Every structure is written in structure tokens, then in C-alpha cells.
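Asker: Chain by chain, the residues run as shown.
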Amino acid sequence: MNNPILRTENLKAFYVLDMAGKQKVAKAVNEVDLEIRENEVYGIAGESGCGKTTLLKAIFGAFDPPLRLIDGHIFYYINDLGVDVTTLNANEKRKLRMTYISYVPQGSMSVLNPVIKVKGTYQDFIGSHVRGNTRKEAFELARQHIIELGLPRNILDTYPHQLSGGMRQRVTIALAALLGPRIMIADEPTTALDVVVQRGVVQLLMSIQQKLKNTIILVTHDMGVHANIADRIAIMYAGKIVEEATTTKIFGSPAHPYTRFLIDSLPRFGDKTQRGSVPGNPPSLTDLPSGCPFHPRCPHTFEPCKEQMPDYTQLDADHKVACWLVA
Amino acid sequence: MKILRDLFKDYRFCFSFAVLVIILIMAFLSRFSPHDPTLWNVVPKDLKPSVKYPLGTDSNGQDIFWQATYAVRNSLIIALIAGTVSRVIAILVGMVAGYKGGTTDRVLMFISDSLLVIPLFLIMVMLAMMVRKFLNLVVLGLLLSAFGWAWDARVIRSVILSLRERDFTKTAILTGTGTVKLVLNEYMPFAMPLIFSTLINNISWAIGLEITLAFLGLVNLTIPTLGTMLNWAITYQAMFLGRWWWVLTPVFISVFLFIALYWLSVSISEYLDPRTRIQRVGAE
Amino acid sequence: MAFVKRYLIPRLIQYVLVIWLGVTVVFFIPRITPNDPVMSMIAMMRARGSTLEPGSMDGIINDLTEMYGLKGSWLSQYWAFWGRLFHADFGVSFFQFPARVNKLIATAMPWTLGLLLTTTAISWTLGNIIGGLAGYYSRKGWSRTLDAVAMVIRPLPYYIFAFALLILLTWIVRWFPITGGASLGAKPTFTWGYIKDVLWHSALPALSLSILGGAVNFQTMKLIVQNVNAENFVQYAKLGGVTEGRIVGKYVIRNALLPQITGLALSLGQIFSGALITEIVFSYPGLGMLLYNSIVRGDYNLIMGITIFSIVGITTAILIVDLTYPLFDPRVRYD
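These protein sequence lines are chains C, F and W, in that order. Under the numbering used here, the residues of the first sequence are numbered 3 to 329, in order. Under the numbering used here, the residues of the second sequence are numbered 3 to 286, in order. Under the numbering used here, the residues of the third sequence are numbered 208 to 542, in order.
Everything labelled a hint here was simulated from the structure, so no lab data went into it. Honestly, I wouldn't trust all of these hints.
To be verified - Output of the computed footprint for chain W on chain F, the stretches with three or more beta carbons under 8 Å from beta carbons of chain W: (1) 129-138; (2) 251-258.
Unchecked claim - Here are the simulated BS3-like cross-link-like pairs (lysine-lysine), alpha carbons at most 25 Å apart as the crow flies: (3) W:K347 x C:K121; (4) W:K457 x C:K95; (5) F:K4 x C:K26; (6) W:K457 x W:K347; (7) C:K97 x C:K215; (8) C:K26 x C:K308; (9) C:K14 x C:K24; (10) C:K274 x C:K322; (11) W:K445 x W:K347; (12) W:K347 x C:K119; (13) C:K97 x C:K119; (14) W:K212 x C:K121; (15) C:K138 x C:K119; (16) C:K138 x C:K251; (17) W:K445 x C:K14; (18) C:K138 x C:K121; (19) C:K95 x W:K347; (20) F:K11 x W:K347; (21) C:K138 x W:K457; (22) C:K24 x F:K4; (23) C:K97 x W:K457; (24) C:K215 x C:K95; (25) C:K274 x C:K308; (26) C:K26 x C:K121; (27) C:K95 x W:K445; (28) W:K445 x C:K119; (29) C:K251 x C:K215; (30) C:K26 x C:K14; (31) C:K97 x W:K445; (32) C:K24 x F:K102; (33) C:K119 x C:K14; (34) C:K97 x C:K26; (35) W:K445 x W:K457; (36) F:K172 x F:K102; (37) W:K445 x C:K138; (38) W:K347 x C:K24; (39) C:K26 x F:K172; (40) W:K457 x C:K119.
The structure presented is a predicted model; accordingly, all values stated were derived computationally and were not measured. C-beta: ideal position from N, C-alpha, C; glycine also.
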């Protein structure tokens with residue numbers, strides 16, 4: 003088992019909205035404890051609106067209003083020393099970005115500044131973290147880096163609107179890996195792309211991970227992508243992690259009813275039976291059910307489910323689940 | 003209503019509401035004026051404000067307070083005529099252009115865009131000069147409305163364009179709803195809030211233009227409006243002669259009126275736009 | 208080449224068409240309104256006490272009709288009208304007879320042009336910079352205060368604002384001279400003394416136009432920047448740890464300038480009208496005063512000349528601004 007590279011402790015991050023006088027609180031990340039290790043691909047899966055993106059933002063330390071850190075800690079293990087991100091100021095956090103931890107956001111199609119060439123964006127990112135002469139070196143390395151990753155040579159001299167969506171996605175991923183960060187976060191990198199391009203993106207991520215031997219935290223609702231590339235997967239529901247295990251165990255022996263629904267809904271070759279999906283709708287994060295948030299939709303719900311949120315049960319060395327059924 | 007309660011939380015809406023209520027009361031008071039506003043020498047000239055004459059009297063021998071009530075009433079009438087007629091034109095043009103598309107759209111938008119870029123002020127000056135004799139409240143209102151529809155027509159057109167592609171349109175057409183009925187019944191509710199806020203802006207523009215034309219002497223100067231009051235005050239050198247009450251009355255009323263109308267339109271349109279409504283967040 | 212076809216040519220066609228439409232409207236207005244310019248001119252001449260011999264009436268009417276270009280069928284008039292336009296011949300002014308309208312416009316134009324160029328440049332650049340910063344730091348106190356101030360200034364029409372400023376600065380606080388572009392009787396020369404004089408007298412109208420224009424630019428830029436701030440690429444730059452200076456300059460303001468350039472093009476007509484009105488309030492010897500005098504004296508030729516000149520001038524200015532847009536937005540330059 004590798005050393006941890008990132009750890010969260012009882013992390014609570016809510017959106018506090020003030021609409022015409024009334025306050026609404028969306029509990030997007032609700033008491034999350036994660037331990038993510040070096041040199042692994044960690045997947046986070048779940049439906050839209052379960053809080054995955056917010057969790058990423060929280061891990062990244064990007065608490066922009068209306069998102070607020072309510073409670074908890076986030077630790078980065080920089081050179082084997084645990085650093086509590088919640089205690090860092092804005093500039094310290096800024097310096098860590100790109101160099102220690104970088105982010106590939108959702109909707110990478112439109113994240114490049116439309117009025118400057120791609121190389122301009124690269125120069126901005128490099129120049130913000132690297133000083134003096136090393137800047138030029140870094141930029142030259144960037145050019146090489148692009149070629150090594152299989153992207154066309156002249157891509158730096160184009161404007162973003164001249165590239166296809168998939169190409170822009172790969173440019174952003176390459177940029178994120180540029181300064182050799184120990185952690186890379188990718189938020190839905192394959193969504194809204196056609197299958198062929200998806201494969202290209204997934205392969206790009208894999209080759210980066212193999213080259214840098216770093217950690218990739220991958221968020222997507224597409225279980226197929228997780229199956230392809232993730233080492234461990236965490237299943238997220240209504241702001242909580244309900245199950246976490248290695249990929250094989252998640253797909254082979256899912257313990258939580260929600261996970262089982264997710265796995266069962268995947269089509270398999272040759273199997274023509276109708277696939278079921280999770281009944282009902284995901285809960286609104288501003289109006290969560292009591293106890294276990296899944297109980298209104300769970301077919302096995304019983305007494306304790308409405309009352310209290312279950313603690314984690316360690317089914318195995320690397321398989322834990324939060325469900326009254328196995329407690 | 004809940005909407006009003008929410009709107010009152012915005013200080014701008016409260017201010018503009020208060021000012022507009024006062025202005026409307028003034029306009030209404032004109033009915034009770036003891037003097038005929040078009041006559042001269044009904045009261046002693048050039049008196050400072052006092053209890054008897056709350057805003058003083060002017061060099062024409064008129065009570066400024068009662069003149070002002072008429073001025074406000076007339077300016078509002080002109081502006082309302084201009085505003086409503088131009089809304090109607092804008093709705094017609096916008097809806098036809100948006101729905102029909104193609105050449106009709108291009109021609110209509112060309113006319114509309116030309117009206118936006120050509121310095122209308124000069125054209126208005128020319129027109130006003132030519133029809134000066136006939137310029138009563140209604141004619142002036144109509145004249146203003148002929149030029150005030152361009153911006154709104156574009157706004158409505160873009161609303162129609164986006165609605166046209168929506169599913170409910172296709173459903174409606176497939177179930178045999180006629181074009182006119184579709185446009186009027188289904189699309190109008192979407193456009194209404196926008197139309198309302200542009201109406202307020204248009205009223206403000208109309209009053210402003212009326213004052214400007216009056217100041218240039220291009221309107222019927224015997225009808226009391228905010229503009230003509232100012233014109234008379236300037237003609238009689240009220241500023242140089244120290245008769246501040248005559249000059250400042252129309253200026254003050256106008257300034258408050260413009261600010262109130264603007265704040266009204268801003269607070270309403272910010273309320274209607276869901277993005278800005280949520281922007282007031284409790285995350286400091 | 209696609210750029211020329213898709214961007215350049217449509218705009219040139221539009222330019223020509225708008226001028227055509229504007230000139231045609233100006234052509235028709237005196238001809239379809241119930242006021243007969245010739246008769247009203249004669250009435251005015253009479254009202255000023257000139258006695259007209261009965262026999263000469265026909266001759267006068269004939270001359271006037273010719274000078275107004277009202278002779279012949281509408282079509283021939285229209286044709287002749289355009290012919291004269293291409294020679295920049297707007298006819299002869301009445302009350303400054305025999306001064307040609309061109310000459311009068313040419314004398315007044317530099318004053319207006321100088322005022323317009325400087326105030327537009329100042330209000331656009333300053334308004335955008337301050338508005339941009341205010342939009343980026345929209346939660347800070349100074350940003351909100353400025354916004355509140357702009358909320359009060361912006362809705363005022365040019366006339367009211369200019370007039371209020373006039374009252375404030377020449378009457379209540381007697382700082383500035385009340386009228387004119389230069390002290391009475393000063394001869395235009397390129398000496399420092401004269402230039403200082405001009406600047407002193409232009410200060411008020413310039414102040415009025417700059418503040419009002421600046422307030423509008425401030426508010427629109429602030430709104431635009433607040434929207435751009437929420438754009439994906441700005442959020443991404445922040446997530447990438449790009450330094451704040453770079454973000455404000457290259458990412459936010461450069462993108463926010465694009466709609467502002469278009470906005471400038473659209474509002475040039477209003478700015479111009481506002482400048483004319485402001486000139487009249489401060490008796491500044493530009494096109495505004497020329498217009499005012501021609502209204503007062505019923506000088507049709509002069510008014511038409513000024514109107515047509517303005518239409519052509521503004522449409523051309525708008526075209527120029529429109530053509531600079533591709534310099535800032537690569538999406539229009541390249542396919």
C-alpha cells in the first residue's frame with residue numbers, strides 16, 4: 003500500500019445562498035473522510051448533483067462564495083509532511099496550484115482564453131509559477147511535452163476556437179501535467195465527447211500517470227471510464243461517500259444498494275435483458291432526508307435507516323461501506 | 003403580493019416608488035389648480051416662495067407650484083403616449099421579424115438598426131420644426147414613439163427567436179395552433195417583463211427628449227411641460243436675475259424623475275433576472 | 208479571404224445603405240410635412256419688417272424655391288439633391304447670406320470634433336478601466352460607492368446634466384466662464400495663450416460630456432466584467448494559479464473590451480447628439496450652436512446640411528470602429 007498524498011477529515015463544504023431574503027443551504031460535501039494515495043488513479047462516481055464537483059473544489063481549496071468551508075480539514079502530504087490546506091492563505095494556495103496539484107475542470111471546451119493563442123495561455127500558467135530564465139526552459143519543455151504526449155506540433159500557435167472540443171480537452175490535460183504535479187484532478191474529462199475522442203483522452207491520462215507516477219483523482223458518472231482506468235473507486239451520494247473499494251471489488255461485489263444499482267445498470271455484451279436503474283430522483287441538497295440519504299429510494303430500507311446515518315464498516319482491507327445492512 | 007414585498011427589499015425600488023407616487027399625486031393635483039395654466043398674469047410676478055405661493059411665482063405671472071403640477075401631468079402624458087405606442091410598434095416589428103425570419107427579418111432589422119445609429123436628435127429637430135404649429139401633447143407623443151421602438155424591437159425579436167426553437171412551439175404547431183394565436187398567447191408572457199422594463203426606459207427617454215426639444219423652442223410653448231417651464235425660465239434670464247425657484251423647480255423635478263425611473267427599471271430587471279437575484283449571497 | 212467576405216463586405220453594404228436611407232429621410236421630411244418652407248420663409252421675412260414689393264413676389268418665390276431645391280418633380284429634385292451632395296454642396300445659408308453652408312459647417316466642425324474626440328476617448332478609456340476594476344473587485348466598498356454615484360448620474364439626459372453642471376459651477380460656485388469657446392474677441396492663433404484660453408472655455412462642456420459618458424461606460428463595463436468573471440476560462444486561470452495581475456488584464460478586461468467596442472459603435476449617434484446639446488448649453492461655438500442658431504432663424508438649408516453631414520460623419524465613424532473590432536477578436540479574423 004502506498005503512502006497517502008491527500009487526506010480529508012470530516013470535510014463539510016456547503017453552498018450558502020441568499021435568495022430574496024431567505025437563506026438556503028446546499029450540503030454538497032457532508033462529512034467526507036478520504037485517504038488518497040501516491041501513484042494511483044482514484045475514481046469518484048455518482049449521479050449528477052451528488053456533490054462530486056464540489057468535493058473536488060474543496061480538495062483544491064477553492065472556496066469561492068457561495069461555497070463555504072463549514073468544518074473539517076484537508077491535508078496535502080508535501081515531501082512527507084502533512085500540510086493543512088484550510089490554514090493556508092490565498093497566495094500560498096496559489097503557489098501550490100500547477101506545481102503540486104492541478105485541476106482539469108468540467109467543460110474543458112471553453113476553458114481557454116479565446117483572445118490569445120494556446121501558447122499564450124501556456125506562458126501565463128508557466129510564468130505564474132516559474133521565475134526568470136527557467137521560464138524559457140519550462141516553455142521549451144512544454145513544447146517537447148506536447149509532442150511526447152502525441153499532440154500535433156503546431157497546436158501551441160493556434161487559437162482555441164480553431165481546435166475541436168476533444169483537442170482542447172487534451173490541450174488542457176497536457177497543461178495540467180506540465181509542471182509535474184503530484185496530484186491531478188480531472189472533473190468529467192470525457193463527458194460531451196464522442197467515443198473515439200474519449201478513448202484518446204483516457205489514454206492521455208494513463209500515459210501521463212505512468213510517466214509522472216503521480217495521483218489522478220478522476221470524477222465521472224461514466225462507470226465504463228472508471229472500469230478502464232481507476233485503481234480504486236469511491237461512490238458518492240448526496241454529499242457523502244457511501245462506499246469505497248478497489249475497482250474489481252466495486253464491480254464484482256458491490257455492497258451498498260446504490261452501488262449495486264449503478265453496476266446493474268451497465269449494459270453487457272450479449273446480455274439483452276432490460277437494465278434497471280435507480281428508482282426515484284436524487285434528493286435536493288438543500289432538503290436532505292433524515293438518517294441515511296438513500297433510504298427513500300432504497301428497496302432494503304428498514305428501521306435504523308430513517309433515524310441515523312450509518313458509520314463505515316470495513317468489509318476488507320480496502321473495501322468500506324456505510325450501510326445499516328452490513329453494519 | 004409576494005413580488006412587491008420582495009421588490010421593496012431593494013432600496014432603489016423603495017426610493018423610485020416613493021418619488022413616482024409623489025409625482026403622480028402632483029399630476030393628479032393639476033385637476034384642482036385654481037389657475038388656468040395657459041394664462042398670464044394671474045398672480046403677482048417674481049415672488050419668492052412663501053406660504054401662499056409654495057414654489058414662488060414666475061415672470062409670466064403664474065404660480066409655479068400649480069404650473070408644475072400641470073407640467074408634470076403633461077410631460078407624463080406625452081411620455082406615456084410615446085412609450086405605449088412605441089411598445090406596440092416594437093412588439094409588431096419584433097414578433098414579425100423573429101417569427102418570419104428571412105428577408106422580412108433582414109429588412110425590418112435594417113430599418114431598426116438604422117434608427118439606432120442615425121443621430122435621431124437631428125431628424126427630430128427637423129421634423130419638429132416642420133410641424134411646430136401642430137405640436138400638441140398627442141402629436142408630440144406620437145412623434146417620439148415613431149423613433150423609440152428600435153431597441154425594443156430587437157429585444158423582442160431575440161426572445162421570439164429563442165422561443166421558436168423550443169419544444170412547445172413545435173408541439174403547438176403540430177396540434178394546429180394558428181401563428182397569431184401562438185405568438186400572442188404563448189410568447190407574450192415571456193416577453194412581457196422585458197417589455198415592461200424597456201417601457202420604463204422609453205418613458206425616461208421621451209421625457210428627456212421633450213425637455214431638449216422644448217429648450218430649443220421646438221414645441222408649443224404655451225402648453226406647460228417640464229421642458230417649456232425650463233425654456234421660459236431661461237428666456238427670462240431667471241438664473242442671472244437670481245430667481246432660483248423658477249429654474250430649479252423643473253430641474254429638480256426632472257432629476258428626481260429620471261433617477262426614479264432608472265432605479266425602477268434596474269431594480270425590476272435585476273429582480274427578473276434569476277442570476278442577479280441569487281447574486282446577493284450570504285458568504286462574506 | 209473569408210474574413211473579407213463575411214465581415215467586411217456586409218458592413219460596407221450596410222454603411223452605404225444606411226447613409227442612403229438617412230439622406231432619403233432628410234430629403235422627404237420638408238417635402239411631406241404640411242409646412243411649406245418657402246411660404247414660411249416669406250412670412251418670416253415679412254415679420255421682420257422687410258417690405259416686399261408686390262411685383263417682386265414671384266421672383267422671390269422662384270429664387271427661394273430654387274435655393275431650397277424644390278423646383279421640378281420630386282424625382283428630379285431627388286436626383287439633383289444627390290448630385291449636389293457628391294459635390295458637398297449644401298447650398299447657401301439664409302441668415303448668414305451669402306455664406307455657404309459648407310463653410311459654416313467647416314468653421315464649426317473642428318470645435319465639435321475636438322470636443323468629441325477628447326471626451327469620448329477619456330470617458331471610454333477611463334470608464335472602462337475603472338469599471339473593469341470595479342467589476343472585478345465588485346464586493347469592495349469603493350466599487351459599490353462608485354456604482355451608487357453612477358446610478359445617480361447615468362439616467363440624466365445630456366441636457367439636464369449639462370444644465371445642472373452649468374448652474375453648479377458658474378452660478379453657485381463661480382469657477383468657470385459662462386460662455387463661448389474662447390474669450391470674446393480672441394483671434395484664433397496657435398499661440399499658447401490662445402490654446403490655454405480655449406482649454407479653459409472648453410473645460411465645462413468637456414467635463415459634462417466626460418462625466419456622463421464615463422458613468423455609462425463604468426456601469427456597462429462593471430456588468431460585463433462581472434459576467435466575464437464567471438466565465439469558464441477565468442475560473443480555470445484561477446484554478447491554475449495564474450497571478451491576479453495577468454488574470455485581470457489578459458483574461459478579464461481583454462475579453463470584456465469586445466462587447467464594449469461594439470457598444471461604442473452603437474452609441475456614437477447618441478454621444479454625438481449629446482455633444483451638440485451640451486455645446487448649446489455652454490454656448491460652445493461648435494456644430495451645436497450652429498444648429499441652435501439655424502433653428503432660431505428657421506434656416507432650413509443649414510439645418511439640412513448639418514443633419515446630412517452628421518449622418519455621413521457618424522455612420523463613417525461607426526464603420527471605422529466596427530472595422531477595428533477584428534483586431535481585438537481573433538475569432539472574427541480567422542475562421
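Asker: Among all the numbered hints in the text so far, which are the ones the structure does not match?
Answerer: Per hint list: 3, 10, 12, 14, 16, 25, 26, 32, 33, 34, 39 violated.
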